[in-house]
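S.K.: Take these sequences, add in the hints, and give me the full structure.
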Amino acid sequence: MRNSHSHRTPTRGPNQLDQAIDTSTSAGKFALQIIGATAEFERAMISERTKSAMAGRARGRNGGRPKALSPKAQSRAQDLYDAGHMTVKEIAAAVGVSQATLYRELNTKIGATK
Numbered sequence: 034m035r036n037s038h039s040h041r042t043p044t045r046g047p048n049q050l051d052q053a054i055d056t057s058t059s060a061g062k063f064a065l066q067i068i069g070a071t072a073e074f075e076r077a078m079i080s081e082r083t084k085s086a087m088a089g090r091a092r093g094r095n096g097g098r099p100k101a102l103s104p105k106a107q108s109r110a111q112d113l114y115d116a117g118h119m120t121v122k123e124i125a126a127a128v129g130v131s132q133a134t135l136y137r138e139l140n141t142k143i144g145a146t147k
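In terms of my numbering, the sequence shown has 70 at position 37, counting the first letter as 1, and numbering is strictly consecutive.
Because the hints were derived from the structure by calculation, they are not lab data. Please read these numbers as outputs of a predicted model, since none were measured by experiment. Among these hints, one or two may not hold up.
Stated by the list, open to error - Distance windows between CB atoms, simulated:
hint, residue 1, residue 2, range
1, Gly97, Gly129, 26 to 34 Å
2, Asn140, Ser80, 52 to 60 Å
3, Ile68, Gly89, 25 to 33 Å
4, Gln52, Ala126, 56 to 64 Å
5, Gly97, Ala70, 31 to 39 Å
6, Thr134, Gly69, 25 to 33 Å
7, Gly69, Ala126, 41 to 49 Å
What the hints assert, rightly or not - Straight-line distance between alpha carbons at most 30 Å, and here's what the computed DSSO-like set of lysine-lysine pairs gives:
hint, residue 1, residue 2
8, Lys84, Lys100
9, Lys122, Lys105
10, Lys84, Lys105
Cβ atoms here follow ideal geometry from the backbone N, Cα and C, with glycine treated the same way.
M.R.: Okay, structure coming up:
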């Protein structure tokens, strides 16, 4: 006799969540409880992170990656660029950033003054 499941393609991962769970069996009830507990845990984690971020903002922290170029270094780089005696590569090495970062900062400042 042929196994009724042998002709089915096994599914794995998130695709199984769209299948019905038979809650009349103890295994079905257990599966539903696990899914519910996981969802509750995720909601609690999101809430914790949100509260933590809001508390940080109240203390004056904005988060995110710090700027690669300090305002003082940016001003120095702009002065060197405006003087025209150094290449962008040399200026980038002098202030300790990549050429891409320097171009981005210079374009931001140049775009703001137009």
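S.K.: Check each numbered hint from earlier against the structure, then list the numbers of those it violates in ascending order.
M.R.: Those not satisfied are hints 1, 2, 6, 7, 10.
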